[in-house]
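Residue numbers (the working numbering), protein chains in the order written: chain A, 1 to 159; chain B, 1 to 791; chain C, 1 to 287.
What the hints contain is simulated information worked out from the structure, not anything from laboratory work. A few of these clues could be false.
Far from chain C, by Cβ distances over 10 Å, these chain A residues were calculated [stated by the list, open to error]:
| hint | residue |
| --- | --- |
| 1 | T9 |
| 2 | R15 |
| 3 | A17 |
| 4 | S18 |
| 5 | P21 |
| 6 | L35 |
| 7 | Q68 |
| 8 | G79 |
| 9 | A81 |
| 10 | G84 |
| 11 | P88 |
| 12 | Q91 |
| 13 | R154 |
Restraint ranges, calculated between C-beta atoms of paired labels, are given here [claimed, not checked]:
| hint | chain 1 | residue 1 | chain 2 | residue 2 | range |
| --- | --- | --- | --- | --- | --- |
| 14 | C | G209 | B | D692 | 48 to 58 Å |
| 15 | B | G590 | A | R154 | 41 to 51 Å |
| 16 | B | R439 | C | E210 | 53 to 63 Å |
| 17 | B | R221 | A | E3 | 35 to 45 Å |
| 18 | C | Q175 | B | D692 | 33 to 43 Å |
| 19 | A | E3 | C | P178 | 54 to 64 Å |
| 20 | A | S32 | B | R439 | 58 to 68 Å |
| 21 | B | E443 | A | R154 | 32 to 42 Å |
The C-beta atom is built at its ideal place from N, Cα and C for all residues, glycine as well.
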Amino acid sequence: MAELDIRLTLNGEERSASVEPRLLLSDFIRHSLRLTGTHVGCEHGVCGACTVLVDGQPQRSCLMFAVQVDGASVETIEGVAPEGELGPVQQAFHEAHGMQCGFCTPGFIMSLTALLRESPGASDDEILDSLSGHLCRCTGYVNIIEAAHLARARMNGGA
Amino acid sequence: MAPEPLIGRAVPRVEDERLLWGRGRYVDDIHPEGCLEAAFLRSPLAHARVIRVDVTGALGAPGVVAAFDGAQAAALAGPLVFDMARIVPEPVRRSVDPLVRVQPMPSLPTERVTYVGQPVAMVIAESRYLAEDALQLIDVEYEDLPVVVDPELALEPDAPLLEPEWGDNVAIAFNFRKGDPDGAFANAHVTIEERFRSHRYMAAPIETRGVVASVDPFDSRLTVWASSQTPHLMRDFLAGALGYAPDRLRVVAPDVGGGFGMKGSIYPEDVLVALAARELRRPVKWVEDRAEDLASSTHGREQVHQIELAAGADGRILALRDDVVHNSGAFTTLGLVVPYNSFTHLLGPYDIESVDIRMRAVLTNTGVTAPFRGAGRPETVFAVERAIDRLARELGVDPAELRERNMVRADQMPYATGLVYRDGADQVYDSGDYPGLLRKARETVDAGELRAQSTDERRIGVGYAAYTEGTGVGPFESARVRVEPGGHVVVSYGGASQGQGHRTTLAQITADALGVRFEDVEVRGGDSGEIPQGFGTIASRTLVLAGNAIAEAAAEVRERAARIAAEMLEISPDDLELADGAFSPKGSPGTKLPLGDVAGFLSPFNPARPKGEPAELAAGSIYRPSSVTYAAGVHVAVVAVDVATGMVELLRYAVAHDCGRVVNPTIADGQIAGGVMQGIGGALYEELVYDDAGQLVTGSFLDYLLPTASETPELRLAHMDVPSPLNPLGVKGLGEGGAIGPPAAIANAVEDALLDLGVVVREGPFGPSRVRDLIREAATAGRDKVNTVGS
Amino acid sequence: MKPAPFAYHAPDQLDEVLALLGDHDHEVRLLAGGQSLVPMMNFRLAAPEVLVDLRRVEALRHVRRTDEGELAIGAGVRQSTLLREPLVTEGWPLLTEGARHIGHPQVRSRGTVCGSLAHHDPTAELPALAVALDARMVIASSTGTRELPADEFFLSYYTVALEPGEMLLEVRFPQCTPHAGWSFKEVARRRGDFALVGVAALVESGDDGEVSSARLVLCGVGERPFRALDAEQAVVAGASFEEAGRLVSAAVQPTGSIHASAEYRRECAGVLAGRALAEAWERAGRG
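Start from the sequences, fold in the hints, and give me the full structure.
Take a look at the structure:
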């Protein structure tokens, strides 16, 4: 199939590419753009490891085609904090031991970042709802929930 | 003044930063220039003769570089032969004289397929997309053969045979008796007999398997990056299978996204991808997709126990009889390992004089079963712990109380069970306070207030599971500690990390053993090129084996460095102290000779260097344990069952755990919590279901249900850690324990909640439909009983 | 699991969408949220030759109250809108409550209301809610539009009354009676999963303080949303909510799956129906 030209903003930078329509957004990010921090765990929209922000909303990139982000703004784990720094959600994951193998972690961080940016005072239930769109096999989630609460406390006026 | 030890401290992990930045390097992130991608055509049938495989259609497809069928694969490399699995230590042979049949596994079959998902052909193309397109153009002709999925049916005389030459489907068989079980059963005050089934589920790490193979165009060395827990074993296996000298083949496990035992096996794809890279002289990558993972990565847990207990009036268990049937799946790649683990963990923490055990592992047309977090222990604990609860009900005794009465006491340690462990050593529980763990668990769960909330519609139940766990199994692990002239300490070890935090915990051990700062230590593993010998990270062994190997190597480095430093300072080595990476004479803490300077002193450029000393300040060590050291735990689950809908809510889950000396409390608790959640997954949500035709019904995450954060209970962890007397560090393994208890504890809790309704629990997972089945069946049985009584 | 190749279009006008849909020489599918379609494509269970993406068509993004007081939701509207848009949360709270059970934020921010309706997984919440609320489906093709009551739209598993070349353009929900009580109850294995069984209930009370009308629709008990007419009538005639539940159990003919047997679904339908009616009645101010 013929390739289509797309233009998008990726982590704040203008990017353009020629892609086959069926190229999944997850593969585009990982292989065409070589940003491998976004991971693939299931390719049917359940595990959430592939979560990126599209126009600020957390989306499963394995359920989108690259052509669908033409004109959109995409944010990945690599863009969440300035180079060499850790954003508040990332820092919280580290402090709360919310990660072990790290494979599911970028996805969690993208969803939580989107949620806490939009509602820094998100309720426990809203946090749980967001986290439940992700699977983790290492941590048992306990410390991930703690990391989320820690991040909320810091982003909600440092309470 | 000695610095505070690193061991025991909750040091934050050094692994995190780069992973948080998205700079982890997992197998699929590795893409050498010109790398091709593989896709596999997999058998849609559970049992069939392969009449014809025609890959020519695929060869003509866009972007396809090669296609392999079974005949071509066989011409390039032999079948996978699992020699290690055939080894039976002599003491094991004397004790149980096991039948152990391990058949070779074709990389791609030429004659028969024996499970759905078995790889049948391989296509190599410029992209995974194009490779998958080409799969559809491969033509395979099969001739159906009868299918057997249930292991008990596979034992029937007329069952379809997976290995016709064997005459039956029995891959492993052994018996064991001790004491006088027949006498005990004949004279017992009470006996119970039950059939319990542990259902099939699996590791399902979020990162699936994957392998990249690349042959260096200049020197023909083969490098393989694999999402593996055992890179050295993979190297040895591939070297044999492909005809490489081991030092011309390097296997690297980069960042690995969870393993849980599943990535400790060797698979056909590992051999085939390496083979393709060599044949095509281009790098080749294969990343498993989730559908492949659920069908063809190893499974676990499926076991049926026909178990009997005989007890005295005082509740003391006099004898245990168990006829165990273990479902091996289509191949037994690891021989005795899992069934034998089930055997040696059957008695658990209990003091039982007479035992009569029959174990058979059976081939069926289902996915291969192999070690998965617990590796035979969860399924055996399910049977025993359920049996103990049934005995408690029969006796009218509280289930926790009955356990305490029968537990091996702390003053009975070391306690010999009379069994021989898989490594050939007599099974001896070396240390632990099992009744203490039980009391601690009861205290921690504090179930009273929750029980008080029970109503007829929403019934609260409490369930226990107690277990022992042999950890730190041999044969060995290797380590090397090297001090660089700048003071940087590099530790190489033969294991590999999949998230356990080895780079942190092993650095803590090194810092204490060597007398250096934690920050100056770098731990490197998962690479057969980093250290020539190694075994791998499986079976809760790395802290015990690699940890002690590192401590030994560090001690040797320290001793040698002290000698050299003493020479440099012209004092006696006994007058030197080493702390924070620097020597100082006792009494002159201000004078510091950094360890790095001592290393630099050995430089060949140094005319004053001591004669005869090696150029590096380094030492290697192979640590071989005498046998396993026993961790133990007691789990308690508190559930609420909605009687009308069958929904089980897990209110609280407590673990009292003995993992020996704790190196990093935060990491230790993280391991336990992760294990518990995988166990909860198995108890309530996860089930691999095959239909009678051997089709895997649960072929995606839409049907194979993993728990999410919303399904976590309130988790309470308590430690009662008794240091191991069997190794200098006093550590025990702890990676698996969390997963051993939940299926039993939750089953016991569900039955406890529904006891008044006459429910008996024999098999999970406890989804709402099954729970309602149990309630309905109990009601019908109750009515039948009343009717019979009345008539 | 990579999808098969397809041609892709992302027009910004509705008539272009309809023209592309009208191509009878190729298998054409619409791409709205993709949460149902793309997994099927990745598994190669679906392999459309042409994919028409709705994302650029502004005319489909409306959520508005019509002159008749109906809630009109266009084909491009995300499921998350049902949770956030005050027009919905205040005027059609049953819809909001049901939507809370759909997946997770990541799914709802992408999946569309009309997409879920047109996909018709019979364990999904939205089809049952559409029938419960007496929705009307506005269907468009290149030759015009037509309307269908929700109850006639859902035919069988993954099958709706759309002819080739037709799309679900909009769904319209009639104005809710202000003091009607509502409830949505669901049993699912995990939070956010498709329902094993789900019940939407609406009740109104008359001047005499008794139930004057009742509406009871279930998902997960058959190939399409099940409207429990017997139970509705019984409740209006004065039957208890438990009795209504028993009638529901007697009336449904579910099929079993590995997650829930037919017997379970039958039983659970009755239990949830009773609970949903009770809660709806409470909300009607008469509980």
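Each hint, compared with the structure:
Consistency note on T9 of chain A: stated as away from chain C, and its beta-carbon is indeed over 10 Å from all of that chain's, at 16 Å minimum. Remark: the non-interface label on R15 of chain A is consistent with the geometry, its nearest Cβ contact in chain C lying 18 Å away (cut-off 10 Å). Against chain C, the non-interface label of A17 of chain A holds: every CB pair exceeds 10 Å, the least being about 14 Å. With a least CB separation of 13 Å from chain C, S18 of chain A remains clear of the 10 Å interface cut-off, as annotated.
Residue placement check: P21 of chain A does not keep its beta carbon more than 10 Å from all beta carbons of chain C (closest about 4 Å). Separation of L35 of chain A from chain C is adequate, the least Cβ-Cβ distance of about 19 Å exceeding the 10 Å criterion. With a least CB separation of 6 Å from chain C, Q68 of chain A falls inside the 10 Å interface cut-off, contrary to its annotation. The Cβ of G79 of chain A sits about 18 Å from the closest Cβ of chain C, beyond the 10 Å cut-off, so the non-interface label holds.
At roughly 21 Å, the least C-beta separation between A81 of chain A and chain C is larger than 10 Å, which holds for a residue marked as non-interface. The Cβ of G84 of chain A sits about 28 Å from the closest Cβ of chain C, beyond the 10 Å cut-off, so the non-interface label holds. Under the 10 Å C-beta cut-off, the non-interface status given to P88 of chain A relative to chain C holds; the minimum distance is some 19 Å. The claim that Q91 of chain A is not at the interface with chain C holds, since no C-beta of that chain comes within 10 Å of its own (minimum 23 Å).
Against the 10 Å criterion, R154 of chain A stays outside the reach of chain C, whose nearest CB is about 21 Å from its own CB. Take G209 of chain C and D692 of chain B: their Cβ atoms lie about 56 Å apart, and the range 48 to 58 Å holds. Restraint check, G590 of chain B to R154 of chain A: a C-beta distance of roughly 43 Å satisfies the suggested window 41 to 51 Å. Evaluation of the 53 to 63 Å hint for R439 of chain B and E210 of chain C yields a pass: the beta carbon distance comes to about 58 Å.
Remark: the range hint 35 to 45 Å for R221 of chain B to E3 of chain A is upheld by a beta-carbon distance near 37 Å. A hinted range of 33 to 43 Å for the beta carbons of Q175 of chain C and D692 of chain B is inconsistent with their spacing of about 53 Å. Taking 54 to 64 Å as the suggested C-beta distance range, the pair E3 of chain A and P178 of chain C conforms, at roughly 55 Å. Checked against the given bound of 58 to 68 Å, the beta carbons of S32 of chain A and R439 of chain B, roughly 59 Å apart, stay inside it.
For E443 of chain B and R154 of chain A, the Cβ-Cβ distance of about 35 Å falls inside the hinted range of 32 to 42 Å, so the restraint holds.
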